[in-house]
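Asker: Single-letter residue listing:
Number of protein chains: 4
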Amino acid sequence: MKLSDFMRYKDEVIKLRRDFHMYPELGFEEERTSGIVRDYLNDLGITTRSMAKTGVVGYLNNGGEKTVGIRADMDALPIQEENNVPYRSQVPGKMHACGHDAHTAMLLVTSKILSETEFDGNIRLVFQPAEEGLNGASKMVEGGAIDGVDEIIGMHVWIGFPTATIAISPGPVLASVDRFKITVHGKGGHGAAPQDTADPIVTSSELIMALQTVVSRNVDPIDTAVVTVGKINGGTAFNIIPETVEMDGTVRTFTEEADKLIEKRIKVISEHIAKAHNCTADVEYLHLNHATVNDTRLAEIGKKVASQFTTVVEQGRAMGGEDFSEYASRIPGLFAYLGIGNPKKGFVYPHHNPRFDMDEDALPYGVAFETLMALKLLQ
Amino acid sequence: MKLSDFMRYKDEVIKLRRDFHMYPELGFEEERTSGIVRDYLNDLGITTRSMAKTGVVGYLNNGGEKTVGIRADMDALPIQEENNVPYRSQVPGKMHACGHDAHTAMLLVTSKILSETEFDGNIRLVFQPAEEGLNGASKMVEGGAIDGVDEIIGMHVWIGFPTATIAISPGPVLASVDRFKITVHGKGGHGAAPQDTADPIVTSSELIMALQTVVSRNVDPIDTAVVTVGKINGGTAFNIIPETVEMDGTVRTFTEEADKLIEKRIKVISEHIAKAHNCTADVEYLHLNHATVNDTRLAEIGKKVASQFTTVVEQGRAMGGEDFSEYASRIPGLFAYLGIGNPKKGFVYPHHNPRFDMDEDALPYGVAFETLMALKLLQ
Amino acid sequence: MKLSDFMRYKDEVIKLRRDFHMYPELGFEEERTSGIVRDYLNDLGITTRSMAKTGVVGYLNNGGEKTVGIRADMDALPIQEENNVPYRSQVPGKMHACGHDAHTAMLLVTSKILSETEFDGNIRLVFQPAEEGLNGASKMVEGGAIDGVDEIIGMHVWIGFPTATIAISPGPVLASVDRFKITVHGKGGHGAAPQDTADPIVTSSELIMALQTVVSRNVDPIDTAVVTVGKINGGTAFNIIPETVEMDGTVRTFTEEADKLIEKRIKVISEHIAKAHNCTADVEYLHLNHATVNDTRLAEIGKKVASQFTTVVEQGRAMGGEDFSEYASRIPGLFAYLGIGNPKKGFVYPHHNPRFDMDEDALPYGVAFETLMALKLLQ
Amino acid sequence: MKLSDFMRYKDEVIKLRRDFHMYPELGFEEERTSGIVRDYLNDLGITTRSMAKTGVVGYLNNGGEKTVGIRADMDALPIQEENNVPYRSQVPGKMHACGHDAHTAMLLVTSKILSETEFDGNIRLVFQPAEEGLNGASKMVEGGAIDGVDEIIGMHVWIGFPTATIAISPGPVLASVDRFKITVHGKGGHGAAPQDTADPIVTSSELIMALQTVVSRNVDPIDTAVVTVGKINGGTAFNIIPETVEMDGTVRTFTEEADKLIEKRIKVISEHIAKAHNCTADVEYLHLNHATVNDTRLAEIGKKVASQFTTVVEQGRAMGGEDFSEYASRIPGLFAYLGIGNPKKGFVYPHHNPRFDMDEDALPYGVAFETLMALKLLQ
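Keeping their order, the protein sequence lines are chains A, B, C and D. With the numbering used here, letter number 363 in the first sequence gets 363, and the count goes up by one each step, no holes. With the numbering used here, letter number 278 in the second sequence gets 278, and the count goes up by one each step, no holes. With the numbering used here, letter number 313 in the third sequence gets 313, and the count goes up by one each step, no holes. With the numbering used here, letter number 185 in the fourth sequence gets 185, and the count goes up by one each step, no holes.
Rather than coming from a laboratory, the hints here were simulated on the basis of the structure. Just so you know, nobody snuck in bad clues.
With a straight-line Cα cutoff of 25 Å, these simulated SDA-like cross-link-like pairs (lysine to any residue) come out:
no., chain 1, residue 1, chain 2, residue 2
1, A, K187, B, P78
2, A, K181, B, K187
3, A, K260, D, I222
4, A, K275, C, E271
5, B, K187, D, V268
6, B, K66, B, E142
7, B, K267, D, D196
8, C, K260, D, I240
9, B, K187, D, L261
10, A, K181, C, K275
11, D, K304, A, G316
12, B, K275, D, R179
13, C, K66, C, I301
So here's chain A without its partners, still in its complex pose (with noise of 0.2 Å):
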């Protein structure tokens, strides 16, 4: 197949983005989405299961030993759109600001287009709800979702690529994404009577600033990783030193050795800077997205597929964290950018802004990557 095979579907792709761009929908209540990802497929003949709420599976079995699974994630932000563009979300305090709806799209026009097509093998086709944050993937895989999958790839739209190029790295794309909440544990009193007291914001204080260590001493520096409190809150009056301070942050690794090194050094920072003053720490560490981590071998050949019809380009690592990572972990996977971005056009902001949209040009390049990545795989 060529290029001119999947440009043939420019205008379905593009209709069926923008549809879902109008009705943005929040993790697990995806339900508009997920019924029309379901009907289509449905129509197709391709037989569904519905699982994790809101998410939809799709079985293209050929027979054969091989299953090649390709994802895409439908949920939306909870963002008021400022574009003006026909296509503008109808749902007010929701939009389609990451792009998800492309995702939903081209894999939708892909799932027809293997449908009409000899292979042998089978395709799983993973429709997952609730990337953002909810972790909508470990639900898909309790459910079953890459039961008998051997390998799977994903594809995000990403403004930071000009239209069409694919980029592709090998090895960790996006990191993994823990969360840590520390309350420190004082005693309180008048704050004319800093002795009678165990001061937790002093010591919270303290503790904040041990916690940058952790990153400019403890990481290796070729690791990347980020430590960061977001938040942090203690006391209800000037002059009243609080019982406790609540703080709550978040850890951002590419390689598991960096992660478990930052939640000991967290730990034990937090015990002995509350021991120093008196104080007690408690610790909430939960790891929530492990880091996506492109499989070698499938780099390798995503890069010479792509390369038959766009420029391919290097990834890059980013900190942001991605549930694809939950399928990686598991079994082989890839998870390529596709280039939305035309300065020429205004597509440049950010995904997650109110005015984020996308050069729709790039769509059936998507849906091609996607097509003939998967055949490749069950060559």
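Once you have looked at the hints, place chains B, C and D on chain A.
Answerer: Frame of chain A; chains B, C and D shown alone:
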């Protein structure tokens, strides 16, 4: 006059105190209390004037050049009483937990005795509202309560001294009270991209550590000072670096010099710690109360007067604040403590505690001190 | 005895002081000085005993149960005098820059007057070496200098008070002096590989910030305390993280309670800040001098005695240390200041300054105080 | 040419390396070594020129437009060897503990082979002194060593890779090296009177904590950076607050952008932390070495050349510095590693360790790479 001359009024002062105790009123809401005060004074033939909303001033003028003031405060606290006594508070959520009920009762009886005594000179009876954090005293001063007054005395019942002892020291006895609000303005952004932000949480943490050096390094160790941050608040989510962090705190000192130094240091530290981290800091600095400084001569006289009928001890310094300082910073003043602590009777709970109560045997001693001191100062 | 009885000795006390001034000797090297003292006392018929290397004790025993001690210190400082006076130091690099020359001269003349006076009781004349940082007093105590002594007085000339005033306060007047040495042991390594080290420089920095909270948060603000790190030393090269960092500091307090609290806090903070950063901390804590606390009764008597012939002022507190505390912590003691400051004559340079000098007109007043106080205490 | 063509020189390259190993010379003192180099090249008929004190450049010019450089460094380290081998260092306190003996030996043999080979173009043989911290490369550049050179290659033996593997990566492979010296000027004084001082020890401690935020907050986490304070020094006595504290540290980065950002941040932080505490800070910032960045095209070619005769691996990044960057920042360069690690033979001790040694079986592979790479680049 001898102590026995005052003991005759013991039942009356206790009865008055218990009545006020049962019907506590918060600052600037002392309608019932000030009504009783006004009627009581008028019944004695003492002219009164209302000011500062619920304040009452009585004029006991016998002519002559000198005028001596005596001050009592009348307000209660927003605390639910936990004592089971016949005279417990009848108002849910309000309680005379600092002893102002006793102050009002003592000054009424003092007024009665003085109105029945021959002396040359004038006595100003100052019943003020809203001592607890609202600086009712400043409103009384504005209203003219101490216009023409040469010297003023005040008393505070104090659980830390045994019943009926009187504590007096020359010089500073209660601290000045300042409040500072610091807002650190940074640049918000994604928690995974600190390089694009100016992190106000880390900056505020370093600022709070730096503020510790004001007391540890900048203030003369012979001086006494406290700098407390009682409240810190910043951020809305674990993975977002916020725009701002807000801190709210208090400063206590006994000298003008230390007070000015600390204000300046807080401003300089805030400005430059913020600048070091590409942030800015707004500092709002409010001087709420002056230090309460006893006039040396009045303290000397007070000790002699009190030692005629009870035990006199050194008062020492406390970091708490008092708006009696509004008077004592304008004219010579003496603020003395009357011991009401009695572990055998269970009177041990600190001021502002829901179980605070007092050994009422002390009250006639307070009346004696006020009466004899006023007469002594008019000789 | 009247002041004029002491004024007769003015020339002698000045002559003696100037002689000592010209030949200053450092701590435990006061050979010449103590030889003069011994001879002087022996010539008066006073028995002497040597102890603490260069200390001399004189025994003026008239029998009776009570013994009163008077103490002078004799050592000079390693400072090059910059005054151009006839009696300037003849010893390069050494100078009586703290006034111990006057202390010795005054006590000699006091000894002479007392030896010519009738009284009941015994007087112990304590001439000690090495007050400046070497704690000669403790050696005198070990040697038996105050065995059998009931009460002891000492005087210090003081540039901060005008000539001939005498300053006395009850309670603590000079601080206790402690020394602490903290060694932080980390793990050294290449400066480009912090992940393989435990960085003792960062850890020590955080430790020093945490130590600021001892004074700002832990000590009662009414108490007076200082915690100073005077020295920090770690590392040999810009690109090597060292194994250890050493810190050396001092603590000043006026109460045993604050002293113990601070020692404990320094140890707890050091232990846990080190642990937070995978380091360990050794803390060596030395109590060098007690606080100098004047006995209340002796202070009362001292004020009365001094006010017979000169102006008496409050002494206040100073953070400096004095080994007179070695005596005053064992038996009731009184350490008074004799004013020697006189701006008109140019006597304004502080103690330990190369231009320090004194208004010698004050010296007979010191002799008077020592003499009259000793006699008063023996009555 | 095949690998066996180079294996014939194995004995010679080992013999040369051992000779250099036995007589190590420090930077700019490589008299004996450079003498041997000069004679060896001259014997081959290669013209030489001396520069940079003990540097030697050989000119193997066959005409043509292109010139390719090959660089070896010759200096040893001030380390006492602890190996017991026949060829151990004969010079007390000096040792080839980084493998420069092998670099020199390999390039000599490469020169011999190339001098016996027909090719078009010119080869520049760069034997430089003083790579270890003295930046001998910059002196060679000043001397004209790479004037007219189009591309340059260098090799470093590396214990972290198995014998005879060759490690190559495009882009940055070794960090830039900066040095910063910060002097905090405060106001000294007595340790008991911090209020009269500006304490540079506390200020420096806070400064060091603030410097941690440069890596933890300011540098893009995808970039790699280190900021280390290796040395801190201030104060002379436990009870004196000093005037100044001196710090000395290093910065490592891989990009010009990160390097400039860090220099700026260190200066801003130092200025304002100092100002916050009434101190001033002097910052001296020195750029010692650029990052060593491999040219992408040369890396590509290098991988192909090396994979003809040995295993090629990714080189990755290391935070160490190399003055090869002096060449590679001016003309396209390639700095490759030659594996010499062999646990079975005990070759496991890291570079700069007194027991460092190498598996000499690797050396003919290094000769092969240098020779074949030079010839390839001249084609």
